[in-house]
Amino acid sequence: TQLLEQSPQFLSIQEGENLTVYCNSSSVFSSLQWYRQEPGEGPVLLVTVVTGGEVKKLKRLTFQFGDARKDSSLHITAAQPGDTGLYLCAGVRSGTYKYIFGTGTRLKVLA
Amino acid sequence: DAEITQSPRHKITETGRQVTLACHQTWNHNNMFWYRQDLGHGLRLIHYSYGVQDTNKGEVSDGYSVSRSNTEDLPLTLESAASSQTSVYFCASSQGGIEKLFFGSGTQLSVL
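Protein chains in written order, with my numbering: chain A, 1 to 111; chain B, 112 to 223.
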């Protein structure tokens, strides 16, 4: 059973468009992280959110943690081909150091 | 620079053989993890360790084992490889808490 479901699974958009990726769960997490993965490499951390309702911005990327700490979203403004990759959310449940990953969203931005 | 390395990068084996994938980190991290990555499933946790002599089962541990005899290494063993274990395997480490995971570059394993 996958605790974290991401949507959409695949997304192909034109350069300059905006997009939102969702990460949903019925479980509460003490923190949530977003990673991006390039082909042939391991995932690399983009951001960590820890407080319900928290919003963090990383250039054109905006991350939000749900008020109940069960879900998160990643919004990209004016997507660029360099944003292409696999985006993964990962939650850490209270009392553990165990990272549970979402199902992933594969993004392709066309020039 | 500190790093986490996996070997081999690619491995082809036959059904029923025992296979060991190596993971070595020089971050001096207490926590180490093994994940497998399959299309549509993201990363699924196989085993993890919070320190020397500590090992724990993850979501998909059947058919896999690990041992932690020192801080730097967490080898993953497939006792009797099955075709369903064809996957890309990632090792990761972290210091703890909500610190970020550092990943290796992965091992592509094919079981024929």
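It is worth saying that the hints were derived from the structure and are not from the lab. Some hints could be false.
Said to hold, decoys possible - Calculated cross-link-like contacts (lysine-lysine; reagent style DSSO-like; alpha-carbon spacing at most 30 angstroms):
#1 LYS98(A) <-> LYS70(A)
#2 LYS168(B) <-> LYS98(A)
#3 LYS59(A) <-> LYS108(A)
#4 LYS211(B) <-> LYS98(A)
#5 LYS122(B) <-> LYS98(A)
#6 LYS59(A) <-> LYS70(A)
#7 LYS70(A) <-> LYS168(B)
#8 LYS108(A) <-> LYS57(A)
#9 LYS59(A) <-> LYS98(A)
#10 LYS56(A) <-> LYS108(A)
#11 LYS98(A) <-> LYS56(A)
#12 LYS70(A) <-> LYS56(A)
#13 LYS211(B) <-> LYS168(B)
#14 LYS70(A) <-> LYS57(A)
#15 LYS211(B) <-> LYS122(B)
#16 LYS168(B) <-> LYS122(B)
#17 LYS211(B) <-> LYS108(A)
#18 LYS211(B) <-> LYS56(A)
#19 LYS57(A) <-> LYS211(B)
#20 LYS70(A) <-> LYS211(B)
#21 LYS168(B) <-> LYS108(A)
#22 LYS59(A) <-> LYS122(B)
#23 LYS70(A) <-> LYS108(A)
Evaluated hints:
no.: 1; hint: LYS98(A) <-> LYS70(A); verdict: holds (16 angstroms)
no.: 2; hint: LYS168(B) <-> LYS98(A); verdict: holds (11 angstroms)
no.: 3; hint: LYS59(A) <-> LYS108(A); verdict: holds (19 angstroms)
no.: 4; hint: LYS211(B) <-> LYS98(A); verdict: holds (11 angstroms)
no.: 5; hint: LYS122(B) <-> LYS98(A); verdict: holds (27 angstroms)
no.: 6; hint: LYS59(A) <-> LYS70(A); verdict: holds (25 angstroms)
no.: 7; hint: LYS70(A) <-> LYS168(B); verdict: holds (24 angstroms)
no.: 8; hint: LYS108(A) <-> LYS57(A); verdict: holds (21 angstroms)
no.: 9; hint: LYS59(A) <-> LYS98(A); verdict: holds (29 angstroms)
no.: 10; hint: LYS56(A) <-> LYS108(A); verdict: holds (23 angstroms)
no.: 11; hint: LYS98(A) <-> LYS56(A); verdict: holds (23 angstroms)
no.: 12; hint: LYS70(A) <-> LYS56(A); verdict: holds (17 angstroms)
no.: 13; hint: LYS211(B) <-> LYS168(B); verdict: holds (21 angstroms)
no.: 14; hint: LYS70(A) <-> LYS57(A); verdict: holds (20 angstroms)
no.: 15; hint: LYS211(B) <-> LYS122(B); verdict: holds (28 angstroms)
no.: 16; hint: LYS168(B) <-> LYS122(B); verdict: holds (24 angstroms)
no.: 17; hint: LYS211(B) <-> LYS108(A); verdict: holds (25 angstroms)
no.: 18; hint: LYS211(B) <-> LYS56(A); verdict: holds (16 angstroms)
no.: 19; hint: LYS57(A) <-> LYS211(B); verdict: holds (17 angstroms)
no.: 20; hint: LYS70(A) <-> LYS211(B); verdict: holds (19 angstroms)
no.: 21; hint: LYS168(B) <-> LYS108(A); verdict: violated (35 angstroms)
no.: 22; hint: LYS59(A) <-> LYS122(B); verdict: violated (39 angstroms)
no.: 23; hint: LYS70(A) <-> LYS108(A); verdict: holds (27 angstroms)
The structure is inconsistent with the numbered hints 21 and 22, although it conforms to all the rest.
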